[in-house]
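Participant: The residues making up each chain are set out below.
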Amino acid sequence: MKRWLKPAAVAVLLLPIGKMGWDAATGGLGANPVEAVQNRLGFWTIVLLALSLVPTPAGELLGLAWPQRLRRVLGVTAFAYALLHFLFYVGVDKFFDWPTISRDLTRRPFLMVGFAALLCLAPLAVTSTDGWLRRLGYRRWKLLHRLVYLAAALAVVHFAWRVKADMRRPLLFAGIFAALLALRIPGWVRAARRGRRNA
Amino acid sequence: MPRFKPDLRESEATPEGIYLRRREFLRLGAAGAIGAATSAFPIPALAGPDDPAGEVLPVARKADMAGGEKPTPWKSVTTYNNFYEFGTDKADPAQRAGGLRTRPWTLAVDGEVKRPLTLGIEEILKLSPLEERVYRFRCVEAWSMVVPWVGFPLAGLVKRAEPTSRARFVVFQTLLDPAQMPGQRSRILEWPYTEALRIDEAVNPLTLLAVGLYGRVLPAQNGAPLRVITPWKYGFKGAKSIVRMRFVEEQPRTTWAVMAPTEYGFYGNVNPAVDHPRWSQGKERRLGEFLRRDTLPFNGYGAEVAGLYAGLDPRKLY
Ligand code: HEM
Chain F
10 MKRWLKPAAV AVLLLPIGKM GWDAATGGLG ANPVEAVQNR LGFWTIVLLA
60 LSLVPTPAGE LLGLAWPQRL RRVLGVTAFA YALLHFLFYV GVDKFFDWPT
110 ISRDLTRRPF LMVGFAALLC LAPLAVTSTD GWLRRLGYRR WKLLHRLVYL
160 AAALAVVHFA WRVKADMRRP LLFAGIFAAL LALRIPGWVR AARRGRRNA
Chain D
8 MPRFKPDLRE SEATPEGIYL RRREFLRLGA AGAIGAATSA FPIPALAGPD
58 DPAGEVLPVA RKADMAGGEK PTPWKSVTTY NNFYEFGTDK ADPAQRAGGL
108 RTRPWTLAVD GEVKRPLTLG IEEILKLSPL EERVYRFRCV EAWSMVVPWV
158 GFPLAGLVKR AEPTSRARFV VFQTLLDPAQ MPGQRSRILE WPYTEALRID
208 EAVNPLTLLA VGLYGRVLPA QNGAPLRVIT PWKYGFKGAK SIVRMRFVEE
258 QPRTTWAVMA PTEYGFYGNV NPAVDHPRWS QGKERRLGEF LRRDTLPFNG
308 YGAEVAGLYA GLDPRKLY
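Protein chains in written order, with the working numbering: chain F, 10 to 208; chain D, 8 to 325.
For the record, the hints were derived by calculation from the structure and aren't laboratory data.
Because the structure is a prediction, the values reported are computed rather than measured.
Any given hint could turn out to be false.
[Stated by the list, open to error] Straight-line Cα separation of at most 30 Å, BS3-like style, residue types lysine-lysine; simulated pairs:
hint, chain 1, residue 1, chain 2, residue 2
1, D, 82, F, 28
2, D, 121, F, 103
3, D, 121, D, 133
4, F, 103, D, 290
5, D, 133, D, 77
6, F, 11, F, 28
7, F, 15, F, 151
8, D, 77, D, 290
9, D, 69, D, 82
10, F, 15, F, 28
11, D, 290, D, 133
12, D, 77, F, 103
[Said to hold, decoys possible] Far from chain F, by Cβ distances over 12 Å, these chain D residues were calculated:
hint, residue
13, 60
14, 186
15, 270
16, 317
For each residue, glycine too, the CB sits at the ideal point set by N, CA and C.
Let the hints inform the model, and build the full structure from the sequences given.
Facilitator: Structure (structure tokens):
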């Protein structure tokens with residue numbers, strides 16, 4: 010199939026970083042650029058996490074094949090943004106202030122939850138290669154990759170606990186994740202039926 | 008594109024540092040004009056003028072109470088605001104507060120007072136000579152700035168109303184008008200926003216009724232036409248766009264304390280020893296600086312206000 014699809018996707022997925030660079034150079038990040046970048050990285054992490062859950066139901070319900078070819082790119086990019094978001098927090102927002110960082114990660118629930126989400130995504134990124142899929146076997150690989158639901162739930166909680174009062178955006182993402190999960194139910198039902206028939 | 012019209016009165020009313028920066032801006036503005044003329048792309052870094060705007064206020068006296076620190080640029084002070092009545096994004100108030108009508112404006116002073124007052128904004132501006140006070144401003148979200156407020160000590164107005172012996176707190180109420188304040192159309196907080204001070208806090212010489220910024224009339228996004236400034240407290244304690252001051256006997260419910268009682272105490276005093284569940288309060292980022300600096304107890308105003316809290320559990324002082 011089209012060879013340009015993945016490179017094009019990667020280029021598009023890197024656009025938010027490019028925009029941040031442009032805004033940083035031109036004063037477009039506002040009065041508190043560090044906070045702006047921290048939040049934008051977090052925002053794009055949760056957006057990509059949601060997007061990485063689209064290909065499977067799109068294939069099952071709409072019969073679309075090309076989104077499936079982007080599933081890995083989306084998932085790995087989501088992790089990359091999460092990692093950047095975390096590294097930006099450590100190296101820029103807190104500027105390697107380890108005592109504060111360790112206190113944050115052990116006492117501040119909103120950051121503990123975000124960190125847990127990152128820890129959920131890490132093994133998924135590592136095992137995203139064909140080699141790991143073969144080594145684990147499809148069944149175990151799939152089981153492991155269900156961690157993405159936990160990561161999504163933790164991401165929403167992280168977002169919700171981060172805002173002070175305005176829950177509209179965290180609730181929007183909670184709704185999006187719930188919908189994406191619901192869209193998978195027909196596929197599961199079908200798989201379960203198939204499983205029974207084959208048994 | 009004549010974006011500004013410098014005049015003599017302004018240079019007199021503006022602190023010298025800012026006045027000098029204005030001249031620097033003139034140069035930059037000229038460069039920007041040339042740049043814009045020669046390039047298809049605007050040059051955003053130069054396009055946003057850091058140039059105080061609005062009606063000039065007559066300032067009788069100036070006091071630097073931020074240890075000689077350079078004030079945060081006008082542009083940052085007026086585009087980075089927590090004013091949920093106009094939206095929850097920091098950039099919202101500057102963009103959405105344009106519809107706030109600050110003239111005419113009346114302030115009601117009532118409750119436990121011998122002389123209830125109804126004052127128009129023009130009268131309020133003439134109650135006392137206006138002073139400029141440069142204060143540190145610390146938000147509970149662990150960022151801070153240095154702001155040249157214009158206003159007068161709230162104590163004068165409190166005395167004028169003659170609180171009764173029963174009055175122990177004064178409650179400030181923000182305008183409630185979803186037509187002018189679009190953020191009030193969603194129930195993000197309990198509207199109208201209310202904040203309160205103990206009377207002794209309200210009459211402390213540091214407590215300011217602010218009507219201006221950088222020598223100009225207070226911009227809508229900063230709480231026009233009048234707001235409270237208590238520099239030793241987190242920003243949320245300073246009610247904005249105030250329409251009512253009510254004196255009461257019992258400690259009142261205040262907006263953020265109602266919203267999240269475990270996160271926001273009544274006092275809201277800057278206290279690096281008591282962390283907010285979301286933000287460690289030991290350090291803060293001064294807008295415009297990269298590294299965080301240590302947060303000072305009472306935001307560095309302990310000498311003036313620590314006496315107010317003698318005998319209170321310091322862990323409760325947040
Ligand atoms: C999968 C993992 C994560 C996701 C999806 C995520 C997502 C988000 C989102 C959506 C926001 C709010 C953005 C906004 O308000 O516009 C945010 C803010 C934030 N995140 Fe994360 N996050 C993740 C992991 C982490 C980790 C591991 C840390 C650090 C330990 C972290 C630290 C922060 C901080 C400090 C903020 C708030 C910045 C501020 O208030 O200025 N996040 N994150």
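Participant: Are the Cα positions of residue 69 of chain D and residue 82 of chain D separated by 30 Å at most?
Facilitator: holds, 21 Å
Participant: Quick one, are residue 121 of chain D and residue 133 of chain D close enough, alpha carbons at most 30 Å?
Facilitator: holds, 22 Å
Participant: Grab the minimum beta-carbon distance between residue 270 of chain D and chain F and tell me whether it stays above 12 Å.
Facilitator: violated, 8 Å
Participant: Keeping to a limit of 30 Å between CA atoms, is the pair of residue 290 of chain D and residue 133 of chain D held or broken?
Facilitator: violated, 39 Å
Participant: Are the Cα positions of residue 121 of chain D and residue 103 of chain F separated by 30 Å at most?
Facilitator: violated, 52 Å
Participant: Below or equal to 30 Å on CA atoms is what counts here, so check residue 103 of chain F against residue 290 of chain D.
Facilitator: holds, 10 Å
Participant: What's the verdict on residue 15 of chain F and residue 28 of chain F, does the C-alpha distance respect the 30 Å limit or exceed it?
Facilitator: Roughly 20 Å between the alpha carbons, so the hint for residue 15 of chain F and residue 28 of chain F holds.
Participant: For residue 317 of chain D, is the shortest beta carbon distance to chain F beyond 12 Å?
Facilitator: Holds: least Cβ distance 30 Å, greater than 12 Å.
Participant: Are the Cα positions of residue 15 of chain F and residue 151 of chain F separated by 30 Å at most?
Facilitator: holds, 22 Å
Participant: Run the distance test for residue 133 of chain D versus residue 77 of chain D: straight-line Cα separation, threshold 30 Å.
Facilitator: Holds - the C-alpha atoms of residue 77 of chain D and residue 133 of chain D are around 29 Å apart, at most 30 Å.
Participant: With a cut-off of 30 Å on the C-alpha distance, tell me whether residue 11 of chain F and residue 28 of chain F pass.
Facilitator: Distance of about 27 Å is within 30 Å: holds.
Participant: Has the given pair, residue 82 of chain D with residue 28 of chain F, been kept, meaning a C-alpha gap of at most 30 Å?
Facilitator: holds, 22 Å
Violated hints, in rising order: 2, 11, 15; the structure is consistent with all others.
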